[in-house]
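Trainee: These protein sequences, in sequence, are chains F and P.
Read in this note's numbering, the first sequence has 298 at position 298, and its numbers run on one by one without any break.
Read in this note's numbering, the second sequence has 271 at position 271, and its numbers run on one by one without any break.
Derived by calculation from the structure, the hints in this document are not laboratory data.
Since this is a predicted model, take the numbers as computed values, not measurements.
Note that the Cβ used here is the ideal one computed from N, Cα and C, for glycine as well.
Do not rely on the hints blindly, as some may be mistaken.
Claimed, not checked - Covered stretches of chain F, going by a simulated chain P footprint (3 or more residues, C-beta under 8 Å): (1) 23-29; (2) 71-80; (3) 161-175; (4) 210-221.
In case you want the letters, here they are:
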Amino acid sequence: MELALAKPVKSASNWYIHLFFTLICLFMIIPFVLVIAVSLTSENSLLHDGYRFIPKELSLEAYRIVLKSPEIWLKSYGVTIAITVVGTATSLLFTTLTAYPMSRRDFRYHRPLTFYIFFTLLFNGGTIPFYILMTQYLHLKNSILALIIPLLMNPFNIIIMKSYLDKMSVEIIESAKIDGSSEFRIFYRIILPLSTPALATLSLFISFAYWNDWFNALLFIDDNKYVPLQLLLVRILSQIEFLANSPLAETASKLQFANFPTLSVRMAMALVAGGPMMVMFPFFQKYFIKGITVGSLKN
Amino acid sequence: MTTSQPFRKRRLLQEFKHLRKNRELLLLAMPGFLFELVIAYLPMIGLILAFKYFRYDQGILGSKWVGLKNFEFLFKSQDAIRIIRNTLLYNMTYIVLGTLAALVLSIMLYEVSGRMVKVYQTTLFLPYFISLVLVGYITYAFLEHKSGYLNRLLQDIGLSPHKWYFETTPWLVILPLVAVWKSVGFSTLIYYAGIVGINTDYYEAAKLDGASRLQMIFRITLPLLKPLIIVVFILGLGNIFRGDFGLHYFVPNNAGANLATTDVIDTYVYRALSKLGDINSGAAVGFLQSVVGLITIVSANAAVRRIDEENALF
């Protein structure tokens, strides 16, 4: 954080700002606390007392139910982890490969290439043509590729990477060239190692995009084989909703349904699916400011 | 024209030389170039679907032209006004509220020094890192009719509970609140990075002149942040015709009863597609979104350029 050092000296009597931020932070965290509390409350207590921040009757029943059918969860976890790992690695490669020539001022086509990428931010075909391309022409319906491909090249990420690389000194590249290195070698031996902070930031953003993606799953996945966690959450939510509201459920499954701790299970599932990302991301925090400099997004 | 023939030939030859000289870097850019060509540029051809009657067996190019027929429903139905109005007003609200909140937070963040900055940042960022599906679950914990926290709270203080998912007006507050809650951490960080990048000499000079904190904020920080604010604003404007599907689908729980105030273009298209299989109206709406988005962004940029060339995005 060399950037932080550049700050002017500030007085320590900022207690009211700290108070303000404490309130804001509470506002950010409290919703999560409620979800955790509900997931740990017994169903009876929930029906009686409603959702409370401090559970009246603690119970791990919800988690027991969630983990009772591990096959579904394991499969979805597998799909999500697979697309996150493969997607992030591939996306990083594509992003850097594209951003690097964009950042080289002596590359004759750096401007057209930049415009080519930037234009996709401003204009696109929209959902339906993309859906038709993916399903009718590339035949990717119910394929794990349909979960990886759409997020592979995010113009924002490319521009972030480009503006990071823009600041790299030209001399290093020049001297490597004089030593007879090929562009591939320069990219691999010099550019990649020097971009670690940017790569770390981007890998966080990209992996989070893959982990949390539900839209492409909603569009392209019907097959139970490739249901990622988020789609599983969507499906379970609508299923519970369906059971709770459908008159059909009254007779047959209502009995079963009555004993099914839906309220707490719901929140437990949310935590099981969303937890890993929330635990992981603070570790990347230190790279944030260095990595994101959208300020130099111009050009 | 014949006189320019040798000239053209020479230029072509020269360009070929350039290509040769840049071939390695071109090769590096090739995977991304080809990928975008297929994934981003090819679907742009699909925009003509807005003027066609799409049949799967005939493909995009083979389907029959129908003129403006696909747009008819937009101009005839009551839905159109509703979804367009909702999309525009919500997006404006998100842009304005989000920018204001992020500016206030980033300026305040810059005022505090030391270790706490990181703690605040991390906490602000937390909601950004969960999916909108989860945000839907969280909202549900608050708004559920019977046991939801909000209704219990209302009952505790002697007010009557609400059936939030069946009402319309509360969403005008709930959705912007959720939107800002989710995204403010990210925009705060962008502005904070911008403020940190400001040369500290300005502040020191101002301090010597006896400027107050507020004066420094209004005379130094905000003017110097202006380009950044404008860039974010223009990019936001480009999406003004695109509703946040996740936010408007999962947070109101896709409940039919609140559609009047929660439905946006994207949720409408999705419903048209998934429930009715109506690709044609969807394509027409998508066409409008893309074209209007481009027009908005280009004209916003032109307007900015006229006022202040420096700050234009392109």
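Trainee: Taking the hints in turn, state whether each one holds.
Mentor: Checked hints:
{"no.": "1", "hint": "23-29", "in the structure": "holds (count 5)"}
{"no.": "2", "hint": "71-80", "in the structure": "violated (count 0)"}
{"no.": "3", "hint": "161-175", "in the structure": "violated (count 0)"}
{"no.": "4", "hint": "210-221", "in the structure": "holds (count 5)"}
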